[in-house]
Amino acid sequence: MKFPSIGFEPFFSWVNRTRILYAPSVRKELAFELSQLGGSNVVLFTDKGVSKAGISQKIVEQISNSELKLAGIFDNIQQDARMTNINDGAEYYRSCGADCMVVVGGGSVMDTAKAVNILIGTGLDDFKPLAEQAGLWEDAKPLPPHIAFPTTAGTGCEVTNAMVVLDVESKSKLSVTHPYCNSDIAMLDPELTLSLPPKITAFTGMDALTHAIEGVSSVGAEPIADALGLHAIRLISKYLPIAVNEPENIEARGNMLIASTMAAMCFCNTMTGATHATAHALGALHGIPHGMANAIMLPLVMEFNIEECPERYAVIADALGLQVHEDEISTAASKSVQAIRELKELIGLTETLRDYGVKNDPEHFGPLVELAASDGQISYNPRYVEENDLLRLFNQAI
Amino acid sequence: MEYWKDQHEPITAFLKLFEKAKEDPELSEGLKKVNQLIWFDYTEDGSDCSFHVDCRNGQVVAKQGKPSEEPDLIMSLSADDAHRSWSNKLNPVMAITRKKIRVKGSATGLLKLAPKLKKVALIYEQALNELNFLDKILK
Chain E
101 MKFPSIGFEP
111 FFSWVNRTRI
121 LYAPSVRKEL
131 AFELSQLGGS
141 NVVLFTDKGV
151 SKAGISQKIV
161 EQISNSELKL
171 AGIFDNIQQD
181 ARMTNINDGA
191 EYYRSCGADC
201 MVVVGGGSVM
211 DTAKAVNILI
221 GTGLDDFKPL
231 AEQAGLWEDA
241 KPLPPHIAFP
251 TTAGTGCEVT
261 NAMVVLDVES
271 KSKLSVTHPY
281 CNSDIAMLDP
291 ELTLSLPPKI
301 TAFTGMDALT
311 HAIEGVSSVG
321 AEPIADALGL
331 HAIRLISKYL
341 PIAVNEPENI
351 EARGNMLIAS
361 TMAAMCFCNT
371 MTGATHATAH
381 ALGALHGIPH
391 GMANAIMLPL
401 VMEFNIEECP
411 ERYAVIADAL
421 GLQVHEDEIS
431 TAASKSVQAI
441 RELKELIGLT
451 ETLRDYGVKN
461 DPEHFGPLVE
471 LAASDGQISY
481 NPRYVEENDL
491 LRLFNQAI
Chain W
6 MEYWKDQHEP
16 ITAFLKLFEK
26 AKEDPELSEG
36 LKKVNQLIWF
46 DYTEDGSDCS
56 FHVDCRNGQV
66 VAKQGKPSEE
76 PDLIMSLSAD
86 DAHRSWSNKL
96 NPVMAITRKK
106 IRVKGSATGL
116 LKLAPKLKKV
126 ALIYEQALNE
136 LNFLDKILK
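Protein chains in written order, with the numbering used here: chain E, 101 to 498; chain W, 6 to 144.
These aren't lab readings, by the way, just hints derived from the structure by calculation.
Even for Gly, the Cβ is constructed at its ideal location relative to N, Cα and C.
Just so you know, not all the hints are guaranteed correct.
[Unchecked claim] Chain E side only, calculated, beta carbon under 10 Å to chain W, not exhaustive: (1) PRO124; (2) VAL126; (3) GLU129; (4) ALA231; (5) GLN233; (6) ALA234; (7) ASN261; (8) ASP267; (9) ALA473; (10) GLY476; (11) VAL485; (12) GLU487.
[Said to hold, decoys possible] Ranges of calculated distance between the beta carbons of each label pair, as one might list FRET restraints: (13) W/LEU136 <-> E/ASP239: 35 to 43 Å; (14) E/PRO298 <-> W/LEU20: 41 to 49 Å; (15) W/PRO30 <-> E/VAL268: 28 to 36 Å; (16) E/GLN179 <-> W/LYS38: 24 to 32 Å; (17) W/GLU7 <-> E/SER270: 35 to 43 Å; (18) E/VAL268 <-> W/ASP140: 47 to 55 Å; (19) E/ARG117 <-> W/ASP140: 15 to 23 Å; (20) W/GLU135 <-> E/GLN496: 37 to 45 Å; (21) E/SER270 <-> W/LYS144: 37 to 45 Å.
[What the hints assert, rightly or not] Below, in silico cross-link-like pairs of lysine-lysine (DSS-like), each with a Cα-Cα straight-line distance of 25 Å or less: (22) W/LYS144 <-> E/LYS228; (23) E/LYS271 <-> W/LYS109; (24) E/LYS228 <-> W/LYS38; (25) E/LYS228 <-> W/LYS68; (26) E/LYS271 <-> W/LYS104; (27) W/LYS105 <-> E/LYS241.
Chain E on its own, in the form it takes in the complex:
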């Protein structure tokens, strides 16, 4: 297989404003970097799981041993960014007189904190009307200083200029974008991910892989994002099994963190596709963790999409490290799906939707199909997805 011709839209834009610092123990740079941004009175956003694991304490130590003042710790963040947590977080930020935020956690924590910072920057106290606007670009201004430490290698929320917010009332996930909501600096410190259990390492890693694969195969795909997405796929396919099986392997943890950030820098410019649309519905209606839902749906959606853009799945197969140089494009593309199934097996992700109580009946499938069909990400899927197609995909995932 020679490198195929890969088309892209004649106009595209690519952006990422976040500065990235990487090193084991890079947290030692926190005080200097935050003071450079003008912050001095810090509120730390995290969740109870991260605190209990002693991870946020490692950041508190850096703040305590510096000129910075720790104004408070807000750790009441639940799974999925929620309106109430966001509004409470902003009230807390103001009540302790903070002028900057440090965020330590996974996607839910980072997305909650992004929304909080928008409320602080705009002087508002209720995020719901903003979330309903979906795009907050009109008159958007830079926000107060914000440094993020991701503690999972999956979401890449530290660099994306969007957040996904769960609307508990309507049981749906709203995607909201703002040009300055991502962190000013993302500090990738793999030491903070060493205690992540194998199962969570596995499905958050599959989240990152889904970002990269859907970013590269999206209708918005373009060459700069391709470079990031394809290298993320290379790193994940090599290092995810190691990170799952040898949790303390700092090289694997570090490469996974880098890969998840790169995958996010890819997909936040190109968007994703039907895997994400179905995963959002599964998360909103059945509480399935986002990375797990992506892991379940990814090979099925890839299989469905292959006929539309085999050349893109062929380069994905190549990035997955498969020997495809002698293959026809279509053969190489098909191998990418099998490789994803084998990777999931290798990292112990054998779950199906049935394991999460989803039943093969209209009562469950109807709302899932309706929600996935109206998810914004589905517009970026390379193959047009009808409601019948979604029904078939959910059926296959049972």
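Starting from the known structure of chain E, arrange chain W on it as the hints suggest.
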């Protein structure tokens, strides 16, 4: 304007689109679920260049001009970008990030219909055909 001779042409085309979209059960149901009074504001291309759609109370009524009541949602853009959008050549989410579309009010309901733009584009093409606006069809 790149595609239109005057400010009335786009409104004629867009009202025809909504007239035909109402006949499609999926789009009609989708619009009713939005349940909002929406003003599509293209007045940057002329003071009469706008229309509104009332999707409240289980109906879908599209009329020229600004609504007499306060709209729940205002989508402001140029008539050319609206043409690109209905032709599925302008992604609405990307357009919001580039300020080609300015949103005021809750857009979550309408954005749920964004995945249907491919279908909308087919209906729009039929509408343009019926109006003999053949030169405006984007391929």
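**Asked** Measuring from the C-beta of E/ALA231 to each C-beta in chain W, is the shortest one below 10 Å?
**Response** holds, 8 Å
**Asked** Do the numbers back the hint for E/ASN261, that is, is its least Cβ distance to chain W under 10 Å?
**Response** holds, 8 Å
**Request:** Determine whether the Cβ-Cβ distance between W/GLU7 and E/SER270 falls within the hinted range of 35 to 43 Å.
**Result:** About 39 Å separates the Cβ atoms of W/GLU7 and E/SER270, which means 35 to 43 Å holds.
**Asked** E/PRO298 and W/LEU20, beta-carbon distance inside 41 to 49 Å?
**Response** violated, 59 Å
**Message:** Tell me if the straight-line CA distance from W/LYS144 to E/LYS228 falls inside 25 Å.
**Reply:** violated, 39 Å
**Message:** Taking the Cβ atom of W/PRO30 and the Cβ atom of E/VAL268, is their distance within the range 28 to 36 Å?
**Reply:** Hint holds: Cβ distance 31 Å, inside 28 to 36 Å.
**Request:** For E/SER270 and W/LYS144, compare the CB-CB distance with the range 37 to 45 Å and indicate the outcome.
**Result:** This hint holds: roughly 38 Å between Cβ atoms.
**Hint check, E/VAL126 versus chain W [nearest Cβ-Cβ separation less than 10 Å]** = violated, 30 Å
**Supplied contact hint for E/GLU129, tested at 10 Å Cβ to chain W** = Since chain W brings no Cβ nearer than about 31 Å to E/GLU129, farther than 10 Å, the hint is violated.
**Request:** Return the status of the interface hint for E/GLU487: holds when the least beta-carbon distance to chain W is below 10 Å, violated otherwise.
**Result:** holds, 8 Å
**Message:** Hinted pair, alpha-carbon criterion (25 Å max): E/LYS271, W/LYS104. Please report holds or violated.
**Reply:** violated, 29 Å
**Item:** Restraint status (C-alpha distance of E/LYS228 to W/LYS38 at most 25 Å)
**Value:** Judged against 25 Å, a Cα distance of about 19 Å means the pair holds.
Hint violations for this structure: numbers 1, 2, 3, 14, 19, 22, 25, 26, all remaining hints satisfied.
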